[in-house]
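Colleague: So you can see what is in the structure, the chains are spelled out below.
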Amino acid sequence: MPQLNRLILLIGLTTLGSCTSSVYPSQTGDAGADLFQDVAQASGIDFRHFNGMSGAYYFCEMMGPGGALFDYDNDGDLDVYLVQGQMLGPDKTLDDALFPPPQKPPLRDRLFRNDLNVNPDGTANLRFTDVTAQSGIASLGYGMGAAAGDIDNDGWVDLYVTNFGKNRMYRNNGNGTFTEVSVGDGADTEWSVSASFMDYDRDGWLDLFVGNYVDYELSNPKKCYSSTGAIDYCGPRSYPAQSNRFYRNRGDGSFQDVSSQTGIATRHGGALGVVSADFNGDGWIDFYVANDQRPNHLWINQKNGSYREEALVAGCALNRDGKTEASMGVDAGDLDNDGDEDLFMTHLIRETNTLYLNNGQGWFEDQTFESELGVASMPYTGFGTAFLDYDNDGWLDILALHGEVATIEALEKLRDPYPLHQPNQLFHNLGNGRFREVTQQAGAVFKLSEVSRGGAFGDVDNDGDVDVLIVNNNGPARLLVNNVGTRHHWLGLRLLGRDIPRDMLGARVEVVFPGGLTLLRRVRTDGSYGSANDPRVLVGLGNRNRVTTVRVSWPGGSVEEWVDLPVDRYTTLQAGSGRIVSENE
Amino acid sequence: MSDSTTLLNLGACAADIERPRRLLFRVGALFLFGISVFPSTPAGESATVPHSNAPLRPIPHPDLSRLESAAQQRIRDTRAELNSMAKAGETSREALSQAYGQMGKLYHVQDFLGAAEMSYLNAQSLAPADFRWSYYLGHIYKNKGDLERSIAAYQQALQHQPDNVPAILGAAEGHLSLNRHERARPLFERALELDETCAPALVGMGKIASSRRQDKEEIRYFEAALALQPDVNNIHYLLAMSYRKQGDLDQARIHFQQVAMLERLRRGHATAGYPDPLMEALDDLTTGWRHHWVRGMRAFGKGRFDEAVKEYRTSVALDPKNPIPLTDLGSALARMGDLKGAVREYAQALRASPGNPMLHYYLGTTLMGLQSEEEAAKHYQQAIGANPGFMEAHFQLANLLMRLRRYDDAVPHYAAVMELDSGFGSRTPESSPAGGQIQQMSVLARFMRAMALVQLSRHEEALAILEKGLQVFPGHADMTHAVARLLATSPDDKIRNGMRALQLLKGLFEGQGDLELEYVETLAMAFAETGQFERAAQMQHAMISDLQRNQRFDLARLLTENLSLYQRRQPCRRPWREDDPIFSPVASAMDLPGPSSSTPQ
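Chains as they are written, first to last, in this note's numbering: chain A, 1 to 585; chain B, 1 to 601.
Taking lysine-lysine pairs in the DSS-like style, the calculated list, with each CA pair at most 30 Å apart, reads:
(1) B:K321 / A:K222
(2) B:K321 / B:K310
(3) B:K216 / A:K323
(4) A:K222 / B:K144
(5) A:K222 / B:K302
(6) A:K303 / B:K245
(7) A:K223 / B:K378
(8) A:K447 / B:K144
(9) A:K223 / A:K92
No lab work stands behind these hints, which were simulated from the structure alone.
Just chain B, with the same shape it has in the complex (with noise of 0.2 Å):
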């Protein structure tokens, strides 16, 4: 079928239809011999172009199912006018240029690139002079890799429109990367000339420089290139090398941390751009649901909430069933802000897909941030009543219960993350702090479920649990700072131990500068424990005197009733005060839910 249709449309212009073999080898025959098929090819859907005296090539049939159907139909329907233009011999060639432009920019932006090739190079056959069909086609080979193909496009699109910043730019940037800096640096330069502020030519001036060990002026491009663009990904990295390579390792520091904090939060740009009106316009002929949807996940995943919300609008507006779109649109409004219009989105997506644990979970989160609690609750426990492995729903129901004080009801859900995480602490939020304290919710869980443990007076179960959690992650530090301080002032004799209190206190302070005003409390607490009354108040009346200091009377206030008791060599009995903030989880921004699902590599 395949070899039929390659075959048939040898010499022809739009052929859609399948033919008998002997046929196409007739034409093909005929072509060989030099003469020219259109003025005497057969009637059908492969028709003949009169106004060409070049051969027009074949346009490929792409596999079309796995697009979704209005697409499928877009192309279809524009591939039957191309045919049905080709046939009508009056056809003007700037009218079928068009058509076949068309239909290589529909090719083109479902990424069928050797469809929209033969087509925009028939389009470049039949209007020579239009700039468009070059300069895609300077993009297509691009993308396939064939950088000299791509660049003598460009080239070849700059004769008609020599000004042309983007053709400029991208003919620059293929000798650039052939190793060609002495054709690329002209061509940047004109693009400089022509518009001063553009970033992707300074980029690659800079680029060139870096090759040439110009380190000052590599760095006076990026810097330049930075203060158009600032939220570059690829200008920081550049200056961060370029910083690293002149030694200033400082400057160098400062770039690489922005690289980490916009590659970790996947926010900003990848490269420095330029306006591209032909390029955009491609994105205004696809259509379809999913289309829009993974624009707007695209959207979403570079941080930019607003623009996701109007291409996840449209997709539902196209399929208002879909509880993809929907919860996603729902996502989107949730990290803009609009909580509110997140639950009735999520709402709506839960009414097309009813039981949908995700819905119920990302509802519950919302509802938290709206402060609905007894509700978001109800929507976590819907969530694991469907899906009973759902390890985030138990986690954020246990908190949520941590919240309400139930801390009998969410003793179980925090067990059961520790069960489920079978991995025991391997999965980690993919937005954790990179370097940071490892925060796996396992790890959390395990501390949460002792925190609950102490405020129903269970110290002995709560000390257990955290002592196993230190043989996992020995040195972690809150665990071992809740040991500390429950070892030091649990009213339970049988777990009490002042010395080792102290003894785990010494380890965590080690190799530390600034110290947790709350392991401070811990140490005083430890130092009364062991009968070390008068360290314990004078410990307890430093911070106290330099939290006044700071003008946080609150906490200062809190700090005496401990400073009275070591006064009267006595020592704490209270492990936390029942409002201590350790027992209040809240839920952060990294709660709110993401994009559902996400585009392939």
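For reference, chain A alone in the conformation it holds in the complex (with noise of 0.2 Å):
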């Protein structure tokens, strides 16, 4: 087929990561070095997390933040959005804080541009301009996480900011600045983490899943006690859970809450994480909420605008033993490269994070003992995490960010000032249903304790492979670039509307080997804990340097098909120049 090889070559051009990037080698991307390297603050990310905290023990003060990788300014490469928290409390002021803010107020989130620059040799140096000021940008709420998407089809991508307190939708003018626009009626005061972007009702229209956490204020906080007596975080259970929210794009960018319509407002679950895919295999968006110690909740479409919740039958809903958990990140993937989304989400000490496969109907099974990722999450309080391919052997790996939610005793007695931080994790997916746990191999930034909270994906140096924003609470904000991916041969897809020139999430994608071995990765931006993620497609192929063929399942219905597609560089892929293989249902 030279005639679709054409056409996929010209609309690459002239697109994000474009395969003029070819292979970009990271500047740090020494062969036997570090699987990752922090370059944060080299790069110009100078951004600290104020929690607020005054001794009070607020709920809220030890669950944020996350961020955002998104291309705000459509120049190719992935730019950063950080949420920042606020002095919590009634009449307190920053003099209460017990840990000082990191700059003099006003504090709010910040937008660092990313001015990547390739160089003659094809190095990269990766530098990042604050452009808070200029982006317009002004959030000043107690940030919990963003969400990013194109909500008005003009090709620049919107941002949804979460908080403790109303949420913000920030819409992208196409020229570096940004304007404040409502969602739905206003109302959505609740207490928000994660949100999700997709096109639920295939109008070819954005939509928006807003995950709530818990009826929780500071002005009649409770006190709360450790199961031993002693003072301590109150728990998600001791306020009621509030419903999430479904916004409808009316077709305009404007949005109408459909919540009780779709039927989403009928379960209140505590959400902290919310990931959307098509979890049984019908073509049509569905939704796994992790709820932090109540059952999860799998939203299933039904094909007419509403939505029905199965997570108890889909054996989701609790662990292997019948058990609620809390479950804070979330992340969907094939990660048994079987043609189906599975299922991770992280959780609280003393708990295994889990591991559910999908039998590809959407029914799950807890395989977390058996892949062995169970007993070494144990120790930890796992919050962002993602299914990533970190290595691009074809076989999704885990990351589990992790910092405790309660005082950790061994800190505490070493008179640690924050006793709540943990080192992150890192497990490489060995291709046979279990993994290994390589954190001690993942470099320096892995031997840190920190409070982890929110982590966003993607490839920060168009180079091939994934890169990671880690945001943690009272700390730094940590980039950590990827050396090792592109030791591997990769695949890099941006995949583009027909008509409508932004990242069609929800996007199926199904790569296809000589000999039939089929990947699926899908487009998205959302997972983890309250931040989003590089929108595009990134596959690795290990030894392998030719895709036979790639086939794209349309959120709309459509499917194509493309042959041949080059490796090692993106390509765009804009709906209706592949090869018809069925039309919308």
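Quick one: dock chain against chain with the hints and give me the complex.
Modeller: Spelled out as structure tokens, the structure:
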């Protein structure tokens, strides 16, 4: 199909991470080096989170923050958005803060523009510039997280910021600035952490699912104690869970609250993580909601504008022992390369992180212990997480970001000022249903012990492997550049709509190799914890240097194929430019 | 400070005193050279243990400041006693082992796992044959997520008591978590040999069978465990998943429903249990009102209200003027049906915390159960007076005023609920039936406000409120029905619209099997309003016959009035009878107070 290849290349030249970028070896990409290296400070991301704690054990102070990797200026590289906290408590001032603020007030979220520069020798210099002031974003709430998606189909990605308090939508003006716009009736003042953009009704416009946590107010805090009677943070069961909000895009970038009509409002779980994907393989976008200490929810799209919650029977509401867990971060992906979306979520210390394998019809089985992910995670409390193929071997690995929510005895006895910190963990997928922890080999940054919360994942230096933005509570943001992914071949894809110049979130990508082996990936920005990810699809090919076919199932229902796409570079696939396999249902 | 403490304890037995780092390094250096420090350790609190050949480990000093004073004191006293025993050269190894073990248990129960571990290790070192210290270490390592050491500790314990079932289970479950089924299996089998009613062992065997895809075996084990412990959520879940795997969805659903119910009500036990006297003994070591209060809450959460009452009473006895345990004692008594006892405790709590709106609310709710409605209303009003934004108090007071037929007074309180719920329907009682109709308080308040206005003959206002509700919650059955009935029967000509009532009812009936009697009654009313008197009479007659067949002569009698209207070709002009139960919302078990606060995650 030579004519198809020509078309693809034509499109690819004009878009994000195009094939002109080829392979950009990172400035830190030495063979034999650490798997990841933190370049946040060196590249200009001088962000430190302020949690506003004063010793009052406010619940929300140790739950944020998250951040976003998104290309707000359409220059082909991922920019960084980081949410900030504020002083908490009535009548409290910054003088009451246990940890001083990192900068003079006002404290606000910050936007860093990626000024990635590719040198003539192919190496890349990563440099970020703080453009918060000129962006027009004045987010002064108590930030929890961020979600990214193009709500008005103008080709410029917009930003939704979740807060402890009113959430904010910032519409991208396409000139480096944003304008705040309202969402729904503007009543979204619940405590939200994670949100997801997707097109649930196949009308070509991105809708918005907002996960809400619990009904907690600073003005009326409960006093809580640990099981031994010591004063401690309250848990989510101390407060009524709030229902999530679901907004339908009216087709003009404005939103209508359809939480009730869709059925979403009938369940209250205390959501922290949200991920959208087609879990039952029917071609329609479903949701999985990770709830803290309450059963998780699996919302199955009924294809008529409504959803039905089916997690219990689907086997992913509770763990293998029928227990609720403190689910925080979540991700979906095809971990075992069998063509369906599996689930992984992070949990509290003494619980395990949990892996649910999908049987292809949307029924899950807890395979935590079989995969050897269970015992290793028991000493930690996890938040941000993702399936990421960090070494591009074709198997999705797992990164779990940690940080406790209750005092760690060993740190307390050392008079640690913030005794919640823990190291993060990286697990390598062995390709046989099992994982091996590779934290010790992952680099110096994995020897740090911090209170990590959000994690955003994407190819920040456009070199063809996944980098990681880690957002720490009461600590610095870290940008982990991947040093090893490019040792294998890869395929980078950006998927745009036919007449809509935006990333087609929810599109399923099947990558077929000679011999028939097929990998499933999808376009998304959601998942993890309060964070927005790179919408591009990065597929590790291992030692294979050829892909036979790329088959894309678009969110609208049609399926197209491309053949013999170039590897080790990004290519843009526009709906309508491939061979039609099937039309919309 | 903490560094020096850590170093000080290196090679010593029970030091509480900080001392110069210089000295510590000297001690450490001796230890490094392989010289036992015990015979020559200088005097002071870090006394030597002449009886031991093995070095004892330093015991960390956890920060006790967040514990309540009674618990702090107990730990300090025990540690001081340990120090003095260690100093006394003639203390026997057994006695010192006991002292370390006691210290470990106190730290263990307060969740200071590091300090507990070191204490137990010392106890074990001094009395290696004592089963208990290895056993407790097994639990400590399990809690720390170190399953290899946990298993090793249980195995060590089993060397001294080979038939101890809890230790066998500890080791077996550790192996199971590490995917070592071949090592877990004989241990579970041994547990079952020793006690065939050991449910956790049956569960373990079932899990192993499941991993081997031995489907029938798996179900047999789980069913056997369930027969022994029928209210264990974990077993129901395992069975549900097993039946689902086998394609027996009916059986799976039965168990999933049990899981959902137990989870929703937070009743029953999470996992299969086995008597464990050593672990149970730990609980008896703790003290302080907060500890018993927390235990009470745990029992309350599991629906074991008698146990909760016992714990709360102990808590109150330790701190009689503390409103927190008093309040929860009242709530637990209320759940047990002792409403008078509950009122007594709430009143006592109110004396300790005057004007507390929550206590007034609890008193109001409990007095409702005692039919003391006027008294209850006073307390609700006091709750609102103290906290005008107390939505639940507004709601309960409004319901009560409805029952007292004070409709005029009820209306503003329902309005307050609607105003206060800024999220419009986002708040739902935790215990609302999952998957049922939306029952948000503000939705109910909207509905009841309309009903109050109906009683006040303000039909137009009532209709407007309901119509607005339907815009936000399209298809809400009760609101749709109420609108239809007003449209069909209101004496107010301006709002009556029989055809629209019929349309609404048609939409309401679509897809429904059994229909609510009152919905059918409304349909007859709408037929009559549109002049279809024969159909109205026919329908009314059919309902009456059906009720009579079911011996519901009382209801049948009520329906005859409208039947005669329709037979006379007259429409109904009274939307509801004045004594219709819809105007008297009743308090349900859901309204009974729960614990006033809860434990953290």
